[in-house]
Amino acid sequence: MSTPPLVVMRGVTKRFPGVVANDDVSIELRAGEVHALVGENGAGKSTLMRVLYGIYPPDGGSIEVRGREVRIHSPRDAIARGIGMVHQHFVLVDPFTVAENVILGQEGSQLLHPDEANRRVAELADMYGFQIDPSARVEQLSVGEEQRVEILKALYRGVDLLILDEPTAVLTPPETSALFANLRRLRETGKTIVFISHKLDEVLEIADHITVLRRGKVVGATKPAETSKAKLAEMMVGRPVLFRLEKPKTKIGEAVLQLEGLRGGRLRGLDLEVRAGEIVGVAGVEGNGQRDLADAIMGLRPLEGGHIVLDGRELTSISTSEIRNAGIAFIPEDRQDQGLVLDMSLWENGVLGRQDDEDFSRRGGILLIKRIKQLAVRLLQEFDIRARSIETSARTLSGGNQQKLILARELETDPRLLLAAQPTRGLDVGAIEFVWSEILEQKAAGRAVLLISAELDEIYALSDRIVTLYEGRITGAYAPDAPAEEVGRGMLGDVAATKAG
Amino acid sequence: MATIEAPLPTTRERVRPEWLENIGGQLLALVAALVIALLLGSFIILAYGESPAVVYGAILQFSFGSKDGFGYVISIATPLIFSALAVAVCFKGGMFNIGVEGQYLVGMVVAAWAALKLDFLPGPLLMWVTILFGMLGAVAFALVPAVLKVKTGAHEVVTTIMMNGIAISLVAWAINGPLHFTQKLGAFNINLRTDPFNANARIPDLGHRFGVPESAHLSWLFPMALVTAAIVWFVLKRMRLGYEARAVGASAGSAQAGGISIGSVQIRLFILSGALAGLVGMQQLLADKGYLPVQYEAALGFTGIAVAFLGQNSPLGIVLAAILWGVLARGETAVQIDTNVPREFVIILQGILIISVVVTYQLAQRRLLARQLRKAAAVEELSDSAAVEDIEGLAKEDR
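Residue numbers (the working numbering), protein chains in the order written: chain A, 331 to 831; chain B, 404 to 802.
Think of the hints as simulated: they come from the structure by calculation, not from any bench.
Model, not experiment: these values are computed from the prediction.
By construction, the Cβ of each residue, glycine as well, lies at the ideal position given by its N, Cα and C atoms.
It is possible that part of the hints are untrue.
One side of the interface only, derived from the structure: several residues of chain B facing chain A at Cβ under 10 Å [to be verified]:
#1 Gly614
#2 Gly652
#3 Val762
#4 Gln765
#5 Ala767
#6 Gln775
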C-alpha cells in the first residue's frame, strides 16, 4: 500500500504506579479495516486506545495520524483528528431523544431546531444502514440501540477511526449480528474500526487484522485466515487453553430441583427438573425470563403461581436465607449488583450469606471475626484469587477475581444445587476456563447444576441436557449434541422440538 | 510461568491494614478541612477589621483556657454525640433519619412523665427508669416511619420530617395538659413548664470533681456518651446487625441475594437509632434543668446531622466532631465578649467547615480508592507465587 496508514503508534509506553500497562507497543491502523485488539483483562488493550483517544498521556513513544506526528491531549483533540471512541459504559442523557443525544454539544446555534436535527440524524443513520428512530427517547431503547446512538454520535462528529471497547459484551446474539452488519457497512465507506474484545469467535468473524497483547506487550499480529481460535487463545494467555473441557461421566441420580408451573414477572408457566450429577443448561435470548427464573428460585421475587421443590421440600414461600440453608448456591448474573458488596472488604464479602452460621457468629449476634478472616484466607488460597489482602475492598478486584470470590464463597457451603446465571459474562479466556472447570467439578461431585446462559458455546460446553427458554416457558429439551439450529429454533419459540434422549 | 522483563513492582509493599490507611487519610482530610475553613474565616474577620489570631485565640481561650470553659464545651458536645450517633446508625444502613429531632422531643416528654409520675422509685433507680422511658418513647416514635417504610415504601425522609412537626406539638400539649405545672409559687408566672423532678431523677454532676463549676452541667452523661459511642462502634463493626446494615446500605441487591432481610434490618436500625435519639434530651432534662420547659433547647437533632457528617458517621469521628462543635458554640460567647465580630460569624464558620469537609473528604476518598485500585492492579500482574505468599503471610498474622 502506498498511502500511509491512518494511524501509527510507535513504541508507546504507559506506566501506572507499580504497573507497566503498555510496554513499547507499536501498532498500525489502515483506512478501511477492522482491526481487532485482543488480550486478557489487564493486558493493556483499553489503555492503549485511551492513549490514542487522549485520555492518558503516554510516557514514551509517538503517534502519527495520516503520516504526521501528533500529540493528542484530550478526547476533544482526538475527535478533531478524526478519532472517536465508544466506551463499554454508555454516556447518554436518558430523557433526551436519539437526535438530541447525537447533536449534544454540536447544536451549532442557541436556537434548537428539533425537526432539522431529526432529519440530519436520520440521514446519517440511513447512510450507514443503522436502524434507529431519531425522535425516540434514549430511556426507551434497548442496549443494542443505545450503542448505535453512541456510534452515531462519533460519526456525527466526522471521525474516520472508531474505537469500540468490548462492544459485544452487553449485546444479545441477534444484536451482535446487527452490530457486525453496521461495522461492515462502515468499513465499506472507508472508516477504520478498532474492535477491542476477548471473544475470539467474534474477532475471527469481523476482523481484517488482529493484534494480540499480553501483559502490556504486543505478542502477535495476524489475520483471521492465518490463525485459529486455539492459536489466538494461546497467544493471549501464554499457554494452551481448552475450549472443550472433558465432561466428567457421572451417575445421574434422583431429582434435586423441581420447578412446576412458575408464573410471575416474565415467567409464564415454567416447568423444569434438575437431577443430581446433572448440568441442565437453559439457553435463550436474554429478556425471556432468565433473571426472573433465578430470582424466583432464590426467593428474591414474588411468584403468582407454581412450585419450587428442592429434595422434596417446598421452597416456594420461604425466605432467601432459608432457601440458601436448604442447599442452593447462587452465582448471580450481575455479580456487582447481586453478588458482592463492592465497598466492603474481601473477608466481609466472603461470609455474606453465612453470617448467621454458628461458625461465624455467636448466638448474641457477635461476629467471630477471626474465623471469618480465616475463611477468607482459605477461599483466596483455594481459588487463587489475586488480591493485595483480605482487607482490600471487593471493588478493587478484576471481574475474573470477583467472580472467583463468589464461586469460592458459594461452593464452600457444600450445596445440593448450584444455580449459575451467566457465570462467565465479561470474563476473559483464562477465567472462563476456570469457572467452567469448577462447574463441571460440581457435577462430578454429584451435585445438581442449573446453568442459565445467553452464550450457546457455554451451554454446549457444560450441559448434559439443554432446554430452551422463550417468553417465560421451556420450549424444548435437547441432547447435548443436538445441532445448534435445532436449539436456535427452540430459543425463538418453536415448540416442536425433539425430546432429549 | 512467563518471564516478565518489564519493570514490574519489585518491592511488594507491606500489607498495611486498610483501617490504618483509612483513618490516616480521614484524619488528614479533617485537618485540611479545618485549616481551609479557618483560612476562609480569616477573610471575614479581616473584613471586620479584627485580627484572626485574636478572634481564634479568644475562641480557643474560652474553650480550653479554663476548666469551666472546657466543661461547657463537653456539656454542649454530650447531646450532640447521641444525636449524631442516631443519625449515623441509620445512615450506615442507607437511610436518612431526619426525625432524630422529633424522636428526642418525644423522648423528653415520656421521660418527664416517668420522672414525675414514678417518683416513688428509690434512689438512682428513678434516674435509670426515666432514661429508659425516654429511650422507649423515642423508639416508639421512630417505629412509625420505620414500619411505614418497610410496609408501604414511604420514604423515611418525608415521613420523619412530618413526624417532627407532630413532636413539637406534642411537647406543647404535654406541658399545657397532662404534665402542666401544679405548684403555686407566689406571683411568678412559671406555668410554662412541668413541675421540678425529684432529685433522684437527676443525673449527678461530674464536673465538680475536676473543679468545673456545676453551672457548666458537666454530668455523668458525658462518660455515658463515650461508652455509647464505643457500643455503637462495636455493633457496627463486630455484630451481625452492623454487618448486615452496612451490606444493605452499600448494596441492597447483594445483601438480599445473600439472604439478608432488608426490612428486618431497617426496622432494627430505626429502633437502635430511636433509642440513641431518646438520650439526646437527657442533658437538658436531667443534667441541666431538672424539669421540662416550654423553651427547651431545640434543633439538637438537626445539628446531629451536621455533626454525624463532620465525623463521617464513624463513632470516634462523631465524638471528636461533637467536641469541635462544642468549641465553636462556645466561641459564639467568646467573639461577643472579646471582639467586634458578630456572633453569627461562628455560624458562618460552621457552614464553611461543613462545606470544606465535603470537598476534602470527597477528594481524599477518591484518591484513596484510586490508590487501592492501582495496588490491586499491581497485584494482579504479579506472579501466582507472590500473591500466594502475600496471603500466606496474612494467614500467619491471623493465627
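Taking the hints in turn, this is what the structure says about them:
no., hint, verdict
1, Gly614, "40 Å, violated"
2, Gly652, "9 Å, holds"
3, Val762, "21 Å, violated"
4, Gln765, "15 Å, violated"
5, Ala767, "15 Å, violated"
6, Gln775, "5 Å, holds"
Hint compliance for this structure: hints 1, 3, 4, 5 are not met, and every other hint is.
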